[in-house]
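Chemist: Work out the full structure: start from the sequences and follow the hints.
There are 2 protein chains.
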Amino acid sequence: MVLITDAKVVALAGGVGGAKLVYGLAKLLPPDHFTIVGNVADDFELYGLHISPDLDTVMYTLAGVANPATGWGIKGDTRQMLEMLRAYGEDPWFGLGDRDLATHLLRTEWLRQGMTLSEVTTRLLRGLDVQSWLLPVTDDPLATMVETVEYGVLGFQEYFVRHRWQPTVRRLWFEGAEQARLSDAVRDALGTADVIVMCPSNPVLSIAPLLAVPGMRETLAARRGKCVAVSPFIGGKAVKGPAEKIMREMGLEISPRGLAGYYAGLLDGLVIDEADRDQPSADGVPVLVTNTLMQSSEEKVRLAGEILSWVGSGT
Amino acid sequence: MVLITDAKVVALAGGVGGAKLVYGLAKLLPPDHFTIVGNVADDFELYGLHISPDLDTVMYTLAGVANPATGWGIKGDTRQMLEMLRAYGEDPWFGLGDRDLATHLLRTEWLRQGMTLSEVTTRLLRGLDVQSWLLPVTDDPLATMVETVEYGVLGFQEYFVRHRWQPTVRRLWFEGAEQARLSDAVRDALGTADVIVMCPSNPVLSIAPLLAVPGMRETLAARRGKCVAVSPFIGGKAVKGPAEKIMREMGLEISPRGLAGYYAGLLDGLVIDEADRDQPSADGVPVLVTNTLMQSSEEKVRLAGEILSWVGSGT
Numbered sequence: 291m292v293l294i295t296d297a298k299v300v301a302l303a304g305g306v307g308g309a310k311l312v313y314g315l316a317k318l319l320p321p322d323h324f325t326i327v328g329n330v331a332d333d334f335e336l337y338g339l340h341i342s343p344d345l346d347t348v349m350y351t352l353a354g355v356a357n358p359a360t361g362w363g364i365k366g367d368t369r370q371m372l373e374m375l376r377a378y379g380e381d382p383w384f385g386l387g388d389r390d391l392a393t394h395l396l397r398t399e400w401l402r403q404g405m406t407l408s409e410v411t412t413r414l415l416r417g418l419d420v421q422s423w424l425l426p427v428t429d430d431p432l433a434t435m436v437e438t439v440e441y442g443v444l445g446f447q448e449y450f451v452r453h454r455w456q457p458t459v460r461r462l463w464f465e466g467a468e469q470a471r472l473s474d475a476v477r478d479a480l481g482t483a484d485v486i487v488m489c490p491s492n493p494v495l496s497i498a499p500l501l502a503v504p505g506m507r508e509t510l511a512a513r514r515g516k517c518v519a520v521s522p523f524i525g526g527k528a529v530k531g532p533a534e535k536i537m538r539e540m541g542l543e544i545s546p547r548g549l550a551g552y553y554a555g556l557l558d559g560l561v562i563d564e565a566d567r568d569q570p571s572a573d574g575v576p577v578l579v580t581n582t583l584m585q586s587s588e589e590k591v592r593l594a595g596e597i598l599s600w601v602g603s604g605t
Numbered sequence: 291m292v293l294i295t296d297a298k299v300v301a302l303a304g305g306v307g308g309a310k311l312v313y314g315l316a317k318l319l320p321p322d323h324f325t326i327v328g329n330v331a332d333d334f335e336l337y338g339l340h341i342s343p344d345l346d347t348v349m350y351t352l353a354g355v356a357n358p359a360t361g362w363g364i365k366g367d368t369r370q371m372l373e374m375l376r377a378y379g380e381d382p383w384f385g386l387g388d389r390d391l392a393t394h395l396l397r398t399e400w401l402r403q404g405m406t407l408s409e410v411t412t413r414l415l416r417g418l419d420v421q422s423w424l425l426p427v428t429d430d431p432l433a434t435m436v437e438t439v440e441y442g443v444l445g446f447q448e449y450f451v452r453h454r455w456q457p458t459v460r461r462l463w464f465e466g467a468e469q470a471r472l473s474d475a476v477r478d479a480l481g482t483a484d485v486i487v488m489c490p491s492n493p494v495l496s497i498a499p500l501l502a503v504p505g506m507r508e509t510l511a512a513r514r515g516k517c518v519a520v521s522p523f524i525g526g527k528a529v530k531g532p533a534e535k536i537m538r539e540m541g542l543e544i545s546p547r548g549l550a551g552y553y554a555g556l557l558d559g560l561v562i563d564e565a566d567r568d569q570p571s572a573d574g575v576p577v578l579v580t581n582t583l584m585q586s587s588e589e590k591v592r593l594a595g596e597i598l599s600w601v602g603s604g605t
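Protein chains in written order, with this note's numbering: chain F, 291 to 605; chain Z, 291 to 605.
Misleading hints may appear alongside valid ones.
[Said to hold, decoys possible] Going by beta-carbon spacing under 10 Å, a handful of chain F positions derived as facing chain Z:
id	residue
1	298
2	339
3	373
4	376
5	378
6	392
[What the hints assert, rightly or not] Just a sample of chain F residues kept apart from chain Z, beta carbon distances all over 12 Å, derived:
id	residue
7	322
8	335
9	366
10	399
11	455
12	461
13	472
14	475
15	494
16	501
17	514
18	535
19	542
20	567
21	578
22	587
Simulated from the structure, these hints should not be mistaken for laboratory data. All figures in this text were calculated on a predicted structure; none of them were measured in a lab. All C-beta atoms in this analysis are idealised placements derived from N, C-alpha and C, irrespective of residue type, glycine included.
Modeler: Here is the structure:
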């Protein structure tokens with residue numbers, strides 16, 4: 291058994307849901323014992339800016355500047371730039387806050403100067419006085435593509451933001467995945483981790499792109515630590531976003547059994563909500579049943595602590 | 291004599307001072323009879339954005355959105371992005387308003403897509419419902435460089451904004467001028483103009499870079515119309531900015547005689563302020579003495595009208 295305070299923990303996280311649990315974990319763990327592997331497959335370019343929505347959501351959450359109403363963006367941010375774009379006759383469909391723009395401008399500038407996305411992300415985090423390690427799963431291009439019934443193939447943000455995830459998904463894939471190289475830092479962190487937590491992020495949109503990077507599944511399969519997933523569902527429904535809708539469209543079961551099947555071979559434990567206690571259960575995978583809704587900071591820290599204790603006690 | 295209402299007028303303009311007279315001229319002339327040739331030698335790149343301060347000042351003034359307190363920037367604009375840059379530990383020395391950013395983002399994006407600066411400028415103007423023609427003197431790179439006593443060679447905005455034009459100027463030049471091609475549209479406008487007005491912009495910083503583009507002096511010298519300059523000085527002093535300081539540092543005389551000498555061979559008339567009536571006068575160049583201070587919209591239109599009438603009456 292590993293003592294929690296000494297454990298090296300890695301979290302795999304997407305956007306809003308993942309960031310909540312990351313916040314809790316970061317409150318309990320010293321920065322040098324905690325690494326977050328972030329999703330970059332929803333990155334995109336708009337008006338020449340390199341935007342990394344999932345990395346930003348995690349970063350803003352850790353920095354304590356995230357907009358509490360949405361979970362993404364910066365609290366108190368304004369939209370003057372967007373309003374002016376509209377005055378020019380543009381139809382901007384992505385919500386770029388004015389303060390948020392500083393992040394995109396710096397990231398884009400530093401990438402152009404030759405820094406990797408990992409280096410840029412660390413520099414941005416340190417700039418906001420966050421000492422945690424947030425590692426993009428890869429520094430190479432990776433892009434979630436969505437084939438829809440209504441509009442054909444859409445880039446992820448077009449599907450997600452422009453069309454508000456209403457189109458019916460026929461197929462999903464991660465462009466660039468075959469060429470993408472797993473970041474060495476990610477490989478090292480996973481290889482030495484005592485605990486790996488798949489955050490309650492969208493399995494098919496946030497965790498799947500991480501698993502699609504060559505070497506990621508093998509690295510996880512060869513883990514020396516324990517890997518647990520936290521279900522993003524409560525009562526068979528997603529707390530936020532399209533996870534439930536899209537998984538149904540793809541014929542995936544919304545249940546502990548469905549999740550355990552989706553992450554087959556990778557899990558030493560599954561954390562589910564009280565409300566899903568009676569759903570078809572995951573055969574052979576230990577389950578922690580608890581309250582997984584994280585609305586307050588206290589709830590985030592409590593859930594993080596409960597997961598670490600559970601894994602530390604031998605699962 | 292040319293009837294003013296039929297006259298084709300071209301204004302050579304830099305930033306704030308030039309924009310004021312341009313505003314007055316635009317109120318009196320139909321858009322297809324009025325062309326502004328704009329300065330691009332103070333353009334620069336910041337955080338990957340292509341910024342054209344002089345073009346923007348003229349554009350915002352024509353669109354009626356210029357900040358009346360400064361003459362540049364957009365009225366009511368905010369600085370959220372800049373504040374966030376500071377939160378990241380950056381030291382931004384150029385005042386980028388949030389609404390202003392939309393202009394820079396669009397310009398940069400469209401240039402990257404292969405549009406010329408002329409095409410971009412027209413598209414931005416039309417987006418703001420301005421029908422005037424504002425033509426960059428060239429679509430090629432042109433950059434004012436300033437050799438200072440205190441800091442050696444500075445890019446223009448470093449000298450002008452970062453160091454607030456306090457360093458002593460030893461020498462000025464326009465990088466790229468030898469290779470820059472005079473825009474065909476500018477050449478055509480000047481060739482068919484009945485009246486050419488050198489606006490009360492900084493002679494050495496705003497008008498000189500226009501004259502430095504190969505073919506510009508020859509095109510002006512071969513004019514069929516009349517060319518008049520409006521002195522930017524009142525009582526031997528610049529209304530705003532470094533014109534007086536920098537011209538003294540360069541050994542140029544601040545007087546009608548000094549200006550006529552600086553624009554030698556190009557002028558059919560010079561407009562000066564009442565306060566400079568007794569300064570050394572320009573031999574052989576007709577002079578209009580009037581009130582050249584433009585604080586209100588009415589004053590801008592009145593001065594523009596007076597200049598057009600004076601030229602139209604045979605100078």
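Chemist: Now tell me, hint by hint, if it's right for this structure.
Modeler: How the hints compare with the structure:
1. A hinted interface residue such as residue 298(F) counts as satisfied when its beta carbon comes closer than 10 Å to some beta carbon of chain Z; here the least separation is about 29 Å, so the hint is violated.
2. Because the beta carbon of residue 339(F) sits about 8 Å from the nearest beta carbon in chain Z, less than 10 Å, this interface hint is met.
3. A least Cβ separation of about 7 Å between residue 373(F) and chain Z falls short of the 10 Å threshold, and the interface hint therefore holds.
4. Proximity of residue 376(F) to chain Z holds as hinted, the smallest CB-CB distance being about 9 Å (cut-off 10 Å).
5. The criterion of a C-beta within 10 Å of any C-beta in chain Z is met by residue 378(F), whose closest approach is roughly 4 Å, and the hint holds.
6. Contact between residue 392(F) and chain Z, as hinted, is supported at the beta carbon level, the nearest pair being about 4 Å apart and thus within 10 Å.
7. Distance check on residue 322(F): its Cβ is at least 22 Å (rounded) from any Cβ of chain Z, clearing the 12 Å threshold; non-interface status holds.
8. A beta-carbon of chain Z comes within 12 Å of the beta-carbon of residue 335(F); the shortest separation is about 10 Å.
9. Not every CB of chain Z is more than 12 Å from the CB of residue 366(F) (nearest about 9 Å), against its label as outside the interface.
10. Separation of residue 399(F) from chain Z is inadequate, the least Cβ-Cβ distance of about 5 Å not exceeding the 12 Å criterion.
11. With a minimum CB-CB distance of about 26 Å to chain Z, residue 455(F) clears the 12 Å threshold, and the non-interface call stands.
12. Remark: the non-interface label on residue 461(F) is consistent with the geometry, its nearest Cβ contact in chain Z lying 31 Å away (cut-off 12 Å).
13. With 12 Å as the threshold on Cβ separation, the claim that residue 472(F) sits away from chain Z holds: the shortest Cβ distance comes to roughly 28 Å.
14. Under the 12 Å C-beta cut-off, the non-interface status given to residue 475(F) relative to chain Z holds; the minimum distance is some 22 Å.
15. Distance to chain Z confirms residue 494(F) as a non-interface residue, since its nearest Cβ pair spans about 32 Å, more than 12 Å.
16. Its beta-carbon lying about 32 Å from the closest one in chain Z, residue 501(F) satisfies the requirement of being farther than 12 Å from that chain.
17. Distance check on residue 514(F): its Cβ is at least 37 Å (rounded) from any Cβ of chain Z, clearing the 12 Å threshold; non-interface status holds.
18. The Cβ of residue 535(F) sits about 33 Å from the closest Cβ of chain Z, beyond the 12 Å cut-off, so the non-interface label holds.
19. Under the 12 Å C-beta cut-off, the non-interface status given to residue 542(F) relative to chain Z holds; the minimum distance is some 39 Å.
20. No beta-carbon of chain Z is positioned within 12 Å of the beta-carbon of residue 567(F); the least distance is around 44 Å.
21. The beta carbon of residue 578(F) sits about 38 Å from the closest Cβ of chain Z, which is more than 12 Å, so the claim that it is off the interface holds.
22. With a closest Cβ-Cβ approach of about 21 Å to chain Z, residue 587(F) is found to remain outside the 12 Å limit, as its non-interface label requires.
The structure shown violates the earlier hints numbered 1, 8, 9 and 10.
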